[in-house]
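Quick note, in full-length UniProt numbering, the sequence shown goes up one by one and the last residue is 314.
Calculated from the structure, these hints are not laboratory results.
Misleading hints may appear alongside valid ones.
Below are the DSBU-like pairs computed for lysine-lysine, each with C-alpha atoms no more than 35 Å apart in a straight line [stated by the list, open to error]: (1) K120 x K207; (2) K120 x K101; (3) K100 x K120; (4) K248 x K207.
Bear in mind that the values here come from a model prediction, so they are computed numbers and not experimental data.
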Amino acid sequence: MATRDIYETGFDEDVRTESSTNQCPECDGRVTTNAVETICEDCGLVIDEQRIDHGPEWRAYDDEERERTGAPLTAARHDRGLSTEIGRGTDAKGNELSGKKRRRLARMRREQTRGRWRSKAERNLAHGLGEVRRLASALELSDSVRDQACQLFRSAQNEDLLRGRSIEAIAAASVYGACRCNGQAVILDEVADSARVELSRVRNAYKTLNTELGLPTPPRRPQSFIPRFASELDVADTVRQRAFELAKSAEETIISNGCQPTGVAAACLYKAAREQGQFLTQTDLAEVAETTPVTIRTRWNELEEVDDSTSAPA
1 MATRDIYETG FDEDVRTESS TNQCPECDGR VTTNAVETIC EDCGLVIDEQ
51 RIDHGPEWRA YDDEERERTG APLTAARHDR GLSTEIGRGT DAKGNELSGK
101 KRRRLARMRR EQTRGRWRSK AERNLAHGLG EVRRLASALE LSDSVRDQAC
151 QLFRSAQNED LLRGRSIEAI AAASVYGACR CNGQAVILDE VADSARVELS
201 RVRNAYKTLN TELGLPTPPR RPQSFIPRFA SELDVADTVR QRAFELAKSA
251 EETIISNGCQ PTGVAAACLY KAAREQGQFL TQTDLAEVAE TTPVTIRTRW
301 NELEEVDDST SAPA
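The whole structure should be built from the sequences, with the hints applied where relevant.
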């Protein structure tokens with residue numbers, strides 16, 4: 001079936017010319033008015049254009065809901081959210097369509113899908129932004145972080161960083177980079193677990209983004225992971241406060257210098273729980289912090305040494 005048999009041929013801006021009794025102020029010629037402007041057919045003078053639309057400024061989707069604007073522009077979609085979405089079984093008012101109209105919509109949807117992307121790069125952008133949205137939803141990130149991750153993926157494509165790399169890896173690296181730039185306590189292993197690619201490829205993609213784009217990522221602090229680990233382990237508030245104090249004091253020493261911040265945070269929680277009489281195993285902490293019990297035990301011994309040196313008499 002030809003495309004002209006599927007789509008309507010009428011447009012909102014079709015020119016419907018009607019004659020006017022007024023004459024041209026310049027040449028007294030014949031004046032015609034269409035849907036856009038009023039012009040003189042003899043000299044071509046534009047007498048009136050862009051007339052005021054006196055119709056309603058809102059759009060009604062049903063009898064109760066009225067909206068004054070459409071959907072906002074978003075960086076989470078390749079076309080900024082301006083593309084047309086063709087429905088399936090119902091019309092705008094929720095009424096069920098006949099079989100003939102459903103088949104017609106299916107043909108329109110197929111043609112619209114074929115002409116949705118103008119190039120291979122735009123198709124890759126749509127796929128990558130869809131992966132970013134999926135990861136942001138799985139990690140329960142805010143809309144602002146999701147939009148920043150989408151913008152980071154766009155920048156990576158503009159800098160030709162997708163060449164030779166997986167789109168899924170760059171999308172996961174963009175999500176992790178946006179979390180790092182906003183100081184959120186998200187571990188790379190969590191992003192890789194939700195992604196459809198291996199951890200090593202996500203790590204290499206993030207290193208590429210950080211190097212080529214110069215991401216303003218601040219250093220990760222151990223105290224930023226304390227609330228999250230404490231919430232997952234359901235520890236008391238006193239343990240959480242004490243672990244936060246230990247993490248701040250550890251930052252002032254050489255314990256956290258060059259060490260994994262999640263390991264230091266887990267060790268602070270372990271030490272605080274022992275001081276408050278709450279039972280926490282190093283295995284449980286290592287599972288939550290995505291580290292090993294050996295790392296937690298090493299950091300805990302260093303914290304004990306610092307406490308002994310500070311509490312010893314001069």
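Does K207 lie within 35 Å of K120 when you go C-alpha to C-alpha?
This hinted pair holds, its Cα atoms lying about 25 Å apart.
So if I understand the rule, the pair passes when the alpha-carbon distance is 35 Å or less; does K120 with K101 pass?
OK: K120 and K101 at ~32 Å, within 35 Å.
Hint consistency between K248 and K207 [alpha-carbon to alpha-carbon, up to 35 Å]
Status holds; Cα separation ~28 Å.
Verify the proposed pairing of K100 with K120, using a straight-line Cα cut of 35 Å.
holds (34 Å)
Hint check: no violations occur; every hint is consistent with the structure.
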